[in-house]
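Novice: Going down the list, the sequences are from chains A and B. Take 38 as the starting number for the first sequence in the numbering used here and just add one per residue. Take 20 as the starting number for the second sequence in the numbering used here and just add one per residue.
To be clear, the hints were calculated from the coordinates, so they are not data collected in a lab. Among the hints, a few may not be true.
Stretch-level coverage of chain A by chain B, calculated; a stretch enters the list once three of its residues show a Cβ under 8 Å from a Cβ in chain B [to be verified]:
| no. | region |
| --- | --- |
| 1 | 78 to 85 |
| 2 | 134 to 146 |
Computed cross-link-like contacts, BS3-like style, restricted to lysine-lysine with a CA-CA straight-line distance of at most 25 Å [what the hints assert, rightly or not]:
| no. | chain 1 | residue 1 | chain 2 | residue 2 |
| --- | --- | --- | --- | --- |
| 3 | A | 107 | B | 32 |
| 4 | A | 93 | A | 134 |
| 5 | A | 134 | A | 144 |
| 6 | A | 144 | A | 96 |
| 7 | A | 134 | A | 96 |
| 8 | B | 32 | A | 134 |
Glycine included, each C-beta is placed from N, C-alpha and C at the ideal position.
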Amino acid sequence: TQLLEQSPQFLSIQEGENLTVYCNSSSVFSSLQWYRQEPGEGPVLLVTVVTGGEVKKLKRLTFQFGDARKDSSLHITAAQPGDTGLYLCAGASGTYKYIFGTGTRLKVLA
Amino acid sequence: KAGVTQTPRYLIKTRGQQVTLSCSPISGHRSVSWYQQTPGQGLQFLFEYFSETQRNKGNFPGRFSGRQFSNSRSEMNVSTLELGDSALYLCASSRTSGGLNTGELFFGEGSRLTVL
Chain A
38 TQLLEQSPQF LSIQEGENLT VYCNSSSVFS SLQWYRQEPG EGPVLLVTVV
88 TGGEVKKLKR LTFQFGDARK DSSLHITAAQ PGDTGLYLCA GASGTYKYIF
138 GTGTRLKVLA
Chain B
20 KAGVTQTPRY LIKTRGQQVT LSCSPISGHR SVSWYQQTPG QGLQFLFEYF
70 SETQRNKGNF PGRFSGRQFS NSRSEMNVST LELGDSALYL CASSRTSGGL
120 NTGELFFGEG SRLTVL
């Protein structure tokens, strides 16, 4: 069974701080995505990484895919209250199916 | 462009009843997948449909079933409801038609089911 473990599970930080969320697995994924979900809404895609070692930046968010394509990280610089939400990583498993991580609930305090 | 629409948004059922949830994908999206989200288990894959065919299924009992219509709209059904079926059921549509899953999943707001 493929699993994606995220850490930390919960994170409460002050506005302006930096943070990193990790997504780890013992399985190899053909691609990995990061989503953010806000209360009462479905997850929204932030980024897709495909190549081992790939780094993508989205404004203050930096995403990295591990060289072996088994892990990924999300780094947020100078977090803002608008970054608050549930962050989910999702690995493409075989065909037509995504395995979602356990989630990291982030709260950024003003 | 209309997003993914799920109905109903909220519903309450009692144990033993059955429920049908509906999902209308984004126009032009032919792949529809369903996920169950609970605080304890997170997001778990239920099944995926493309052109009215189920292409993949998660590890859920046979009480969970689904189908897709020719217009790509999809329904999922849960029979003989149990307390543990209480969850947010999310539908996602995608343009992905095959090969590597690099396509974006567009999620609806979900149907929140409470089983009493």
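Novice: Failing hints, ascending?
Specialist: 3, 5, 7 and 8
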